[in-house]
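**Q** Sequence:
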Amino acid sequence: MTTDSDADMLQRRNRELEILNAIAQALNREVDLDRALRVTLAHVAELCNMQTGWVWLIDEDSGDPYLAVVQHMPPALAEHPHRMSGTTWCYCLDTYQKGDMRGAANVSIVTCTRLEGLVDGADGLRYHASIPLYAHGKKLGMLNVASRDWQELSKDELRLLYTVGDLLSMAIERARLYQHSAQAGAAEERSRLARELHDTLAQGLTALTLQLETADALLESDPARARQMIQQALGQVRANLDETRRSVQDLRSRSLEQGTFGEALRKLAEDHAARWKLTLKLDLQPGAALPPRVESALYRVAQEALTNVVRHARAHTVTLKLRVDAHAARLHVHDDGRGFDPDNVRPGRFGLIGMNERVKLLGGQLTITSAPEGGACIEAVIPLGDGLAQHEA
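Counted from 1, the sequence shown has number 390 at position 390 by our numbering; the numbering is strictly sequential.
Errors might be hidden in some of the hints.
To be verified - Capping the alpha-carbon separation at 30 Å, the derived lysine-lysine pairs in DSS-like fashion look like this: (1) K139 to K155; (2) K138 to K155; (3) K360 to K321; (4) K267 to K281; (5) K277 to K267; (6) K321 to K267; (7) K98 to K138; (8) K267 to K360; (9) K98 to K155; (10) K277 to K321; (11) K281 to K360; (12) K281 to K321; (13) K139 to K98.
These are calculated hints, taken from the structure and not from any lab test.
Just so it is clear, the structure is predicted and the values come from calculations on it, not from any experiment.
With the hints as extra help, turn the sequences into a complete structure.
**A** As structure tokens, this is what we get:
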């Protein structure tokens, strides 16, 4: 039996996760910095039940702040742009620049010099919340949302905003990297970013969507189970954020850093099987040690293949095999699901482009075998020894 307060809490958490999911999906699609900022600002305003907001960014060359995006500015600020000039440092930017603002924070009208003394034309603004934006310790800027109420945001709300700040920071870095790579013609870097973001953010969003749909279906009949699913979704969001940070920095998956390749594959497969009630068959060659780039490529292929099993296959059993000899490493993922016709699949579907590119970059080959109602098999073969060395030379 659930109480009204429990039901309200579950609905609020579900709504927060849905908005967080919408932000993540929107940012995953955007490489245009201005659109990414506007989308995030609109969603944050919805999340906090606020209308007014603005984003400061730090200029990459000068290091000075500039006003990048605004939403529903009151007349007292919109009609007096000098109040929002980046050359005029306020309490928030000064605190941020000194490194004293490490998390989302409430800032009252008394403290904020931009709102100080405003009565007419301020639309009743009372305070704003500031969310600092960092990437790899580098200051990117700050997102602010303003309220007409005296009620400040709770610790949970500020924590959620900090998560949004993490997502936006990664999107800013990605957009800037995209701009730089476009200017430099660095097609390889753009492909790497696309692969990494698909393998981390997109896959995590797939799992998150399925968990939220399950939680929503169970909200009335089994609130305890719904609460558990929401907590699992929150854990998935945190893990996904960590993996995406590492991907943007071109680091290996944390699972590969914390154990052997075989252990990482086992944990990946067991987590998928446990979460989605799959029968798992593992056949992993013990003691297989591979070059880090080969491990990363095969791990991402396994991750994508298992995500496809969950999302598309409607399978009951999945088999994962790993074989390594002096000449090659072979990864084999098979499911007993509904299968598909490989000749009629759009190239971008099922992450096939990303998997194929990863394997080909190391001189390997990706083979996909499937038929309608006949399950599917993905096999990645990457050469070792002289074959890998010649390709990387």
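**Q** Would you mind marking each hint as holding or not holding in the structure?
**A** The hints, checked one at a time:
Our distance criterion of 30 Å between C-alpha atoms is met by K139 and K155, whose separation comes to about 23 Å. A C-alpha spacing of about 25 Å is found between K138 and K155, which places the hinted pair at or below 30 Å, so the restraint holds. About 20 Å separates the Cα atoms of K360 and K321, which keeps this hinted pair within 30 Å; it holds. Between K267 and K281 the alpha-carbon distance is near 13 Å, which keeps this suggested pair within the 30 Å criterion.
Of the pairs offered as hints, the one joining K277 and K267 holds, with about 15 Å between alpha carbons and a cut-off of 30 Å not exceeded. Distance restraint check for K321 and K267: the Cα-Cα separation of roughly 14 Å lies within the 30 Å cut-off, and the hinted pair is therefore satisfied. With a CA separation close to 12 Å, the supplied pair K98 and K138 stays within the 30 Å bound. Our distance criterion of 30 Å between C-alpha atoms is met by K267 and K360, whose separation comes to about 26 Å.
Between K98 and K155 the alpha-carbon distance is near 23 Å, which keeps this suggested pair within the 30 Å criterion. For the suggested pair K277 and K321, the alpha carbons sit about 19 Å apart, so the restraint of at most 30 Å is met. For the hint pairing K281 with K360, the CA-to-CA distance comes to about 27 Å; that is within 30 Å, so the pair holds. Distance restraint check for K281 and K321: the Cα-Cα separation of roughly 8 Å lies within the 30 Å cut-off, and the hinted pair is therefore satisfied.
For the hint linking K139 to K98, the alpha-carbon distance of about 10 Å falls within 30 Å, and the restraint holds.
Hint check: no violations occur; every hint is consistent with the structure.
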